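So the sequences go chain by chain: A and B.
End of the first sequence = 370 in my numbering, gap-free, step of one.
End of the second sequence = 1520 in my numbering, gap-free, step of one.
Misleading hints may appear alongside valid ones.
As a list, the in silico DMTMM-like pairs of lysine to aspartate or glutamate whose alpha-carbon atoms are at most 20 Å apart [claimed, not checked]:
no.	chain 1	residue 1	chain 2	residue 2
1	B	Lys1093	B	Glu1062
2	B	Lys1504	B	Glu1214
3	A	Lys14	B	Asp1061
4	A	Lys252	B	Glu1318
5	B	Lys1156	B	Glu1176
6	A	Lys14	B	Asp1020
7	A	Lys252	B	Glu1176
8	B	Lys1219	B	Asp1236
9	A	Lys228	B	Glu1345
10	B	Lys1188	B	Glu1214
11	A	Lys150	B	Glu1318
12	B	Lys1307	A	Asp277
13	B	Lys1235	B	Asp1218
14	A	Lys228	B	Glu1343
15	A	Lys150	B	Asp1278
16	A	Lys14	B	Glu1062
Worth flagging that the hints you see were computed from the coordinates, not collected in a lab.
Only a predicted model underlies this, so the values are computations on that prediction, with no experimental measurement involved.
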Amino acid sequence: MDKKKKEPFIHITKRKEISLQHEWAIRLGAILLALILCALLTTLMTHLNPISVYATMWEGSFGSERKIWALLKELSILLMVSVALAPSFKMKFWNLGGEGQVLAGVLATSACMITLGSKMGSGSVILISLVAALVAGAFWAFIPAFFRAKWNTNETLFTLMMNYVAMQIVAYFIIRWESPKGSGKVGIINPDSKIGWLPSIAGKQYFLVVLVAILVTIVMYIYLKYSKHGYELSVVGESENTARYVGINVPKVIIRTLIVTGLICGLTGWLLVASTDHTITTTLAGGRGFLGVMVAWLAHFNPIGMLLSGFLIVFMSKGTSEISMAFSLNRSFGDIITGVILFFVIGSEFFINYQVHFRKSSSGKEVADA
Amino acid sequence: MPESRTPAVSMRNITKTFGDVVANHKVDLDIHRGEVLSLLGENGSGKTTLMNMLAGIYYPDEGEIFIDGNPVQISSPKDAFDHGIGMIHQHFKLVNVFTAAENIVLGMDEDVDGKHVGKGKLDIASPSKRIREICDMYGFDVNPDQKVYDMSVSQKQTVEIVKVLYRGADILILDEPTAVLTPQETEKLFNVLRNMREDGKAIIIITHKLHEVEAISDKVAILRKGEFIGELITKDTNAQEMTNMMVGREVKLNINRPEPKNVKPRLEVSGLTVRSSDGLLKLDDVSFTANTGEVLGIAGISGCGQKELLEAISGLQEIEKGDIFYIEDDGSKTSLIGVNPVEIENKGVALSFVPEDRLGMGLVANMDLSDNMMLRSFRHGKSIFTNRKTPKNLAQKVVNDLEVVTLGVSTPVRRLSGGNVQKVLVGREIERAPSVLLTAYAVRGLDINASYTIYDLINQQKERGVAVIFVGEDLDVLLELSDRILVLCGGKVSGIVDGRTADKNGVGLLMTQVGGEAVG
Chain A
1 MDKKKKEPFI HITKRKEISL QHEWAIRLGA ILLALILCAL LTTLMTHLNP
51 ISVYATMWEG SFGSERKIWA LLKELSILLM VSVALAPSFK MKFWNLGGEG
101 QVLAGVLATS ACMITLGSKM GSGSVILISL VAALVAGAFW AFIPAFFRAK
151 WNTNETLFTL MMNYVAMQIV AYFIIRWESP KGSGKVGIIN PDSKIGWLPS
201 IAGKQYFLVV LVAILVTIVM YIYLKYSKHG YELSVVGESE NTARYVGINV
251 PKVIIRTLIV TGLICGLTGW LLVASTDHTI TTTLAGGRGF LGVMVAWLAH
301 FNPIGMLLSG FLIVFMSKGT SEISMAFSLN RSFGDIITGV ILFFVIGSEF
351 FINYQVHFRK SSSGKEVADA
Chain B
1001 MPESRTPAVS MRNITKTFGD VVANHKVDLD IHRGEVLSLL GENGSGKTTL
1051 MNMLAGIYYP DEGEIFIDGN PVQISSPKDA FDHGIGMIHQ HFKLVNVFTA
1101 AENIVLGMDE DVDGKHVGKG KLDIASPSKR IREICDMYGF DVNPDQKVYD
1151 MSVSQKQTVE IVKVLYRGAD ILILDEPTAV LTPQETEKLF NVLRNMREDG
1201 KAIIIITHKL HEVEAISDKV AILRKGEFIG ELITKDTNAQ EMTNMMVGRE
1251 VKLNINRPEP KNVKPRLEVS GLTVRSSDGL LKLDDVSFTA NTGEVLGIAG
1301 ISGCGQKELL EAISGLQEIE KGDIFYIEDD GSKTSLIGVN PVEIENKGVA
1351 LSFVPEDRLG MGLVANMDLS DNMMLRSFRH GKSIFTNRKT PKNLAQKVVN
1401 DLEVVTLGVS TPVRRLSGGN VQKVLVGREI ERAPSVLLTA YAVRGLDINA
1451 SYTIYDLINQ QKERGVAVIF VGEDLDVLLE LSDRILVLCG GKVSGIVDGR
1501 TADKNGVGLL MTQVGGEAVG
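Excised from the complex, chain A in its bound form:
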């Protein structure tokens, strides 16, 4: 009680305003710091030259035309899932079911290609499978939305559980459709007739996927920013009370928004089967339903920003798998590098929102962190 206390060394205040330049300076500074730390870790743990490790990482994404296309494809699919999740999260509907919603589209597309493959032409199969994938994705997202709108169930658990249900259903159909018999998996669907396969544009298999992703991103940007629907869902997200007060039908908006999410997830599933992979597995969504949540959050639900955050994540994953091959490193080392960089990027958000003051130095000047 009578002991004198010193002025606290650090205190933290919330920023009121921050300029765009300052914001990006903090972000880029964080990435730079992360790269320096990773360089140190690389030298200490592997005794490799960090510069050549970084160069190899770059090679992993941009080393050849094939690699660039692989990067673009991966980025497009991840971006589509993130864009699909954006309206749900903007409405504060914690949709962790992207995985299942994509799988629903995957299942519907495969079903059409397998069962109709011998009965009609490729064009009709493509069209029918597209519609089926959209409906399946939308339906899978509709179920939790309906329960939330009607009985206020917890959407986080609900959507999460729906992923496992979708996975089990897909597992069941894989056994029914397995080919060759006994392999426990579905090989390439319609490998010879290529019925239901999407065409290559200008000789590039992934060109169409990239185009669709760009289109969906732009449309979603406009939908969220300028449409009445977009306005309604952000009001619901900010305050359901206010939404009711101005007469917005909250259950209707919740269901409608989740159907939009589901449609894009279904579309993504369609592209995965009909354009890129031509097969079905329980892991075809590949965790993008969860990765997409992070991409969307990092970009504050701005679809254009998701392009950047999505790129960072895909670039890291391509780069780290390249270095583990080139230097025959343990895969975990790549995970360490990815982890450090993501930690810094996410951590930089703290410094964007808050300001850290240190105790005044003897010169009387206040030092504020960048």
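Following the hints, position chain B against chain A.
Positioned in the frame of chain A, the structure of chain B alone reads:
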């Protein structure tokens, strides 16, 4: 009591900034034992910030704090307690399912005497005994074994006060303690405060209400825009002088009450009964008529059905029984039962509603001014895209007409001060050219200047022929502004009185008992 004695608390040269905003600038303040000091100032003048620095919630950027003449550092609420400082916040911090005694000892490792309460074993008997002693000493009315959820607002407040006394506080800070109390409860609180003053405690009370300053305090310290303006001896000053110092210019203190013109029934409520979602009776057979060109005040202790009444009229509340009719100029009636706000608008009924919860219901805190204007208009037009130009112009108009202090129309409303938030909300609702205007606690938390702006706006609407329903908590204001006052008590109408002739005690009685004696 000579002035040369050492003050219990001295604040010297205190400065605190948040970003670019200077909340306190070189403030000096002294509080002596055996004294009640009122801290008076408009919203955003830095009263609460200054007190939070005493209570260990904020840490000053510059300046020093002395307790009994010794310099101290208060960097946490625990430090504050160690120095005998206790603050009673506007929002209570109690655990509902615990008893009063359990709440009071919560988080204490040892008794005030330094004796361990016993690890892992909660001995509630001896604290209860001590709590009763404290209550007897100052005249509190608290049962230590009563659960908090069974308590009225004023009882909860009493528990908060006993809690800080129990912990040995002898410097007490109360942040707008009377905002939630009836006049009778306020008087009771003041009696307790006087007893504590006799006992030699130093008491600081933050308030907006001048008549309370006069009733309770020995000295008044006035802050304006974060700066210390001056200290007055209460008995040597008056409401006018205090207001002028607070606002920084001459302000007239009378609320206008134009005579109602062209009075016709506009809204008829009959036998309205409403239950909350858990089946509690919130409104019980409420009937009244609201007239054009008239302000109908609604008085009552908070939680007596005011919220449900306004929400029922505006189509936000399910109704069990009863009728609500909107009466056109030609006398034809439209029922407002079972319709939502959009359907009400589509029926051609211009009904505006300023709800109690401004940022949680009336506005969206994270959206900017023009997006908030758009809440009412975004449906207009057939396009699938929103029209952003009209709301933007409207926002600009409201900012200009009502002198809203903001960086611009694209500032999120959460950055505005309370008074400016309310101007934005009221401005938007009035711009809809309503024929019925519902307002709930329209001036709660607003400073004198902003409050008078709101009263003026309400009177303008009244003179335009709008039927205004004004739910208020400050009886003085209700009595000065309303043409008629409807008093609610426990969801029932306990009386409808004439605002020009009713007296404060009569209305206060009606607030606590249904069917009280007829009042003037």
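Hint by hint, here is what the structure shows:
1. B:Lys1093 <-> B:Glu1062: violated, 29 Å
2. B:Lys1504 <-> B:Glu1214: Roughly 17 Å separates the two Cα atoms, so the pair holds.
3. A:Lys14 <-> B:Asp1061: holds, 15 Å
4. A:Lys252 <-> B:Glu1318: Holds, at roughly 19 Å.
5. B:Lys1156 <-> B:Glu1176: holds, 14 Å
6. A:Lys14 <-> B:Asp1020: OK: A:Lys14 and B:Asp1020 at ~11 Å, within 20 Å.
7. A:Lys252 <-> B:Glu1176: violated, 42 Å
8. B:Lys1219 <-> B:Asp1236: holds, 10 Å
9. A:Lys228 <-> B:Glu1345: holds, 18 Å
10. B:Lys1188 <-> B:Glu1214: Distance of about 16 Å is within 20 Å: holds.
11. A:Lys150 <-> B:Glu1318: Holds, at about 16 Å.
12. B:Lys1307 <-> A:Asp277: Answer violated: B:Lys1307 to A:Asp277 is near 58 Å, above 20 Å.
13. B:Lys1235 <-> B:Asp1218: Measuring from Cα to Cα gives roughly 7 Å; hence the hint holds.
14. A:Lys228 <-> B:Glu1343: holds, 18 Å
15. A:Lys150 <-> B:Asp1278: holds, 18 Å
16. A:Lys14 <-> B:Glu1062: Holds, at roughly 18 Å.
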